[in-house]
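Student: Quick note on numbering: the numbering used here labels position 33 of the sequence shown as 33, and the sequence is numbered without any gaps.
It cannot be assumed that every hint is accurate.
Computed list of lysine-lysine pairs in DSS-like fashion (alpha-carbon distance at most 27 Å, straight line) [unchecked claim]:
id	residue 1	residue 2
1	7	32
2	151	129
3	151	127
4	151	106
I should point out that these hints are in silico values taken from the structure, not numbers from a laboratory.
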Amino acid sequence: MVRCTQKARVNIDYHVELEGHWYSVPYGLVGKEVELRHTEACVEVFLAGRRVASHVRSQQRGRFTTQAEHMPASHRQHAEWTPSRVVQWAQSVGPACAQLVEELMKRRPHPQQGFRSALGIIRLADKEKYGTQRVEKACARALRHRAYSYKSVAAILQHHLEEADEAREQKGPLPEHQNVRGANYYH
1 MVRCTQKARV NIDYHVELEG HWYSVPYGLV GKEVELRHTE ACVEVFLAGR
51 RVASHVRSQQ RGRFTTQAEH MPASHRQHAE WTPSRVVQWA QSVGPACAQL
101 VEELMKRRPH PQQGFRSALG IIRLADKEKY GTQRVEKACA RALRHRAYSY
151 KSVAAILQHH LEEADEAREQ KGPLPEHQNV RGANYYH
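Model the full structure from these sequences, guided by the hints.
Tutor: And the structure:
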């Protein structure tokens, strides 16, 4: 069993990086330099010679290993939520909203990292903001354009782009006109 040692600085999200994987440490250590001691099976984190965290080693790059006791209380509340619970809330807006929220979380290294954006999209459906019908249409447009973010949905709503799709559908096909070439022109 070979034990390796290296220094790391605790990131603002209370994780340290080792070979592309992120391991949690107590959130009070944000900004501190710590020592990582690791083997093929285990990662230990030390501050001033005292062990502050221990994790089973993971070979998954771009992923997070997080222990609930390392989180601040406000983050622990979010940890009790599950991706399926958030998707279910989005379903109350509509199927396109639920699908967008699911895609949004799927594209994050850790689904919980998408909760804030997902909840923001759901909150846009408040009657004082945009209402469920507009948000559902905006989510459908965002899905068509593969724009899986809160900012995209908010911009669609702000500029009334979800209504532009509806207006285009109501117009129907282009009229016959001498300046319209048609499909046969390109054969």
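Student: Next, verify each hint and record whether it holds.
Tutor: Status of the hints after comparison with the structure:
1. 7 <-> 32: holds (10 Å)
2. 151 <-> 129: Holds, because 15 Å separates the two Cα atoms, which is no more than 27 Å.
3. 151 <-> 127: holds (19 Å)
4. 151 <-> 106: holds (17 Å)
When the structure is compared with the earlier hints, no violation turns up for any of them.
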